[in-house]
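Novice: Chain by chain, the residues:
There are 2 protein chains.
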Amino acid sequence: MSEKRTEIGELGEFGLIDRISEPFVNKQSSTKVGIGDDAAVISSGDHFTVVSTDMLIEGVHFDLSYMPLAHLGYKAVAVNVSDIAAMNAIPSQVTVSIGLSNRFSVEAVDMLYEGIRHACEAFGVDLVGGDTTSSPSGLIISVTAVGTVTKDAVTYRYGAQHHDIICVSGDLGGAYVGLQVLEREKQVFMSNPDMQPKLEDYDYVVKRQLKTEARTDIVHELKALDIQPTAMIDVSDGLASDLFHICKQSKVGVRIYEDKLPISTTTYDTAVELNFDPITCVLNGGEDYELLFTISESDADKVKNHHDITMIGFVQNEEDGRLLITKSGTTVNLKAQGWVHF
Amino acid sequence: MSEKRTEIGELGEFGLIDRISEPFVNKQSSTKVGIGDDAAVISSGDHFTVVSTDMLIEGVHFDLSYMPLAHLGYKAVAVNVSDIAAMNAIPSQVTVSIGLSNRFSVEAVDMLYEGIRHACEAFGVDLVGGDTTSSPSGLIISVTAVGTVTKDAVTYRYGAQHHDIICVSGDLGGAYVGLQVLEREKQVFMSNPDMQPKLEDYDYVVKRQLKTEARTDIVHELKALDIQPTAMIDVSDGLASDLFHICKQSKVGVRIYEDKLPISTTTYDTAVELNFDPITCVLNGGEDYELLFTISESDADKVKNHHDITMIGFVQNEEDGRLLITKSGTTVNLKAQGWVHF
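In order, the protein sequences belong to chains A and B.
Be aware that the first sequence starts at 0, since it is given in numbering that gives the first Met the number 0, and climbs by one per residue.
Be aware that the second sequence starts at 0, since it is given in numbering that gives the first Met the number 0, and climbs by one per residue.
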């Protein structure tokens with residue numbers, strides 16, 4: 000080992016990924032896109048096969064004191080399926096590998112796989128492989144999802160162009176606010192185990208955190224609406240952070256409007272109750288797994304009355320920056336915080 | 000959680016896999032084979048895409064006190080590539096996800112990925128994705144490999160037939176004996192850190208353990224020899240255990256000959272020195288990642304003089320059992336021990 004020691008935190012997750020991927024050169028003619036998008040794209044005859052993978056580690060990505068195992072299994076599949084959807088592709092298969100400490104019984108594994116099975120049914124994917132092994136500490140889940148997309152429909156992060164319209168599915172901020180509710184109830188429970196958690200009023204946000212849904216339905220809808228998105232990503236790190244990925248890879252700037260950002264009433268009210276700024280939850284909360292995409296101006300009419308797609312702003316030239324227009328009309332620079340795992 | 004608690008050890012790894020996979024039903028027409036072979040097989044137009052995944056966990060699968068990080072990276076890719084080769088397929092892409100505790104520096108990650116890169120070059124695969132995250136304890140590596148094979152060449156575990164000849168590439172037992180050498184040197188080092196490890200005489204077996212090679216070359220050779228194997232698996236758990244997988248899935252018995260089993264002189268001598276029975280190392284050692292396959296009797300002449308493929312026995316009817324003919328001519332029942340992770 001060399002004498003120099005650089006902490007991973009100094010680079011950050013994206014810096015580490017850049018450093019890792021830099022020396023690798025793709026040589027297979029079938030590799031269309033490697034590291035750097037939501038999924039890898041592999042040419043398979045007349046279509047593309049897309050492959051995405053994610054690792055979830057207990058104590059880093061989930062807390063089993065409030066995340067039931069079945070929900071965790073569901074989520075592990077959903078977040079990977081979401082990456083496939085973010086390529087405008089239809090997911091078809093998943094592999095699931097698990098590492099288990101001896102804290103986990105066979106019955107616990109059954110519950111985990113019950114959630115995995117429900118997710119496979121919900122998203123129409125087959126479980127086709129995996130690995131099971133022991134772990135010295137805690138639970139580790141690694142999922143790889145495979146999907147297909149026709150060559151002309153595949154959507155990368157890099158295709159957004161000046162004047163395109165920025166759209167997002169569903170509403171945002173709920174998963175983050177739900178996590179705060181769960182954390183608060185955990186603290187209450189730990190200080191007084193006789194207290195029953197009061198979650199009824201928070202059903203929606205708690206569900207957004209615990210029951211992650213991947214928007215494969217939006218992929219089908221876009222096809223039905225005859226819309227080819229110019230760029231797409233799923234909102235995992237947070238709207239701002241994920242929008243920045245599109246900006247960086249498409250070499251564009253953006254202008255989004257605070258008053259257009261979709262937030263549910265429950266999310267808004269709960270954020271206020273917890274002393275969080277609702278707009279910060281929307282911009283930086285993450286884990287909503289909605290689809291964020293750009294479309295050509297000429298497609299605007301096709302989505303303007305869509306109940307589940309919101310137009311939140313425009314793509315502009317890179318030198319014009321990444322801007323948020325507040326409700327009061329002030330223009331501020333967007334900041335991406337995202338999730339910091341290191 | 001239900002009141003009953005069954006320990007995972009009661010089921011064992013294969014029992015757990017059976018239990019996990021039982022409720023899953025494949026629904027995608029593109030899923031040709033799911034759980035239960037070396038890799039999943041997905042139809043992609045005129046060919047099959049094969050997908051395999053493995054998880055390696057520090058303290059379970061590797062010990063960094065004698066496994067250099069670059070070797071570990073190489074091995075993590077090689078074992079997955081080996082699964083692709085075991086389908087008679089050519090690997091093309093891999094994804095690599097890692098979980099890292101703060102014990103690991105950026106320089107350590109560089110070394111790990113240097114090994115990954117060397118493996119990608121050696122096996123002709125592209126690194127196309129992955130995930131990087133922190134881990135509360137130790138290093139976790141999860142690799143997924145993708146490969147392709149024509150529909151008529153794909154080789155499962157289930158195609159072996161009565162009278163087929165059982166073949167294996169390379170030699171066996173070396174990886175296990177190498178592990179024992181490394182374990183012994185570690186104990187010596189721990190009791191007296193001034194002692195330098197004496198590994199020169201054990202180069203070959205240590206290399207078999209630390210520098211895992213996947214036999215993609217054999218896939219090319221079989222094609223060049225115009226041999227379509229009837230069944231194939233890679234030797235990861237041990238010759239006996241992996242042969243049993245072929246027996247179970249092909250519904251056949253086997254008869255193998257002790258005097259035909261390929262073992263290198265170094266492996267043999269080192270096993271004797273360490274008071275291990277060399278044949279037990281060959282039968283149950285595991286981690287050699289050679290290819291074990293069956294071929295039609297009519298193909299025997301094509302391999303009989305091959306320097307790197309050994310015919311070790313015959314496939315027989317299931318009711319005739321799984322037999323080892325010892326050097327003295329005695330017939331004994333084969334026993335599979337394999338690796339127990341739980």
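Keep in mind that the hints were calculated from the coordinates and are not lab data.
On a predicted model such as this, the values are computed, not experimentally measured, just so you know.
Certain hints may be false.
[Claimed, not checked] Covered stretches of chain B (chain A as the covering partner; in silico rule of three or more C-beta atoms under 8 Å from a C-beta of chain A):
id, stretch
1, 22 to 33
2, 83 to 94
3, 181 to 187
[As the list claims (entries may be wrong)] List time: in silico DSSO-like cross-link candidates among lysine-lysine, alpha-carbon distance up to 30 Å:
id, chain 1, residue 1, chain 2, residue 2
4, B, LYS250, A, LYS26
5, A, LYS206, A, LYS334
6, A, LYS259, A, LYS303
7, B, LYS326, B, LYS250
8, A, LYS150, B, LYS150
9, A, LYS26, B, LYS31
10, B, LYS326, A, LYS26
Quick reminder that beta carbons are idealized off the backbone N, C-alpha and C, glycines included.
Novice: Next, verify each hint and record whether it holds.
Specialist: Now for the hints, and whether the structure bears them out:
1. Only residues whose beta carbon comes within less than 8 Å of a beta carbon in chain A count, and the stretch 22 to 33 of chain B has 9; three or more means the coverage holds.
2. With a threshold of 8 Å between beta carbons, the proposed coverage of the stretch 83 to 94 of chain B by chain A holds, since 3 of its residues qualify and at least three are required.
3. By the rule of at least three residues with a Cβ nearer than 8 Å to a Cβ of chain A, the coverage given for the stretch 181 to 187 of chain B is violated, with 0 such residues.
4. For the hint pairing LYS250(B) with LYS26(A), the CA-to-CA distance comes to about 41 Å; that exceeds 30 Å, so the pair is violated.
5. Distance check on the hinted pair: LYS206(A) and LYS334(A) sit about 27 Å apart at the alpha-carbon level, within 30 Å; holds.
6. For the hint linking LYS259(A) to LYS303(A), the alpha-carbon distance of about 12 Å falls within 30 Å, and the restraint holds.
7. Taking the CA atoms of LYS326(B) and LYS250(B), the gap is about 27 Å. The hint holds against a cut of 30 Å.
8. Between LYS150(A) and LYS150(B) the CA atoms are separated by roughly 22 Å; this keeps the pair inside 30 Å, and the hint holds.
9. Of the supplied pair hints, the one linking LYS26(A) and LYS31(B) holds, its CA atoms being roughly 28 Å apart against a limit of 30 Å.
10. With a C-alpha separation of about 48 Å, the suggested pair LYS326(B) and LYS26(A) falls outside the 30 Å cut-off, and the hint is violated.
In this structure, the earlier hints numbered 3, 4, 10 are contradicted, and the remaining ones agree with it.
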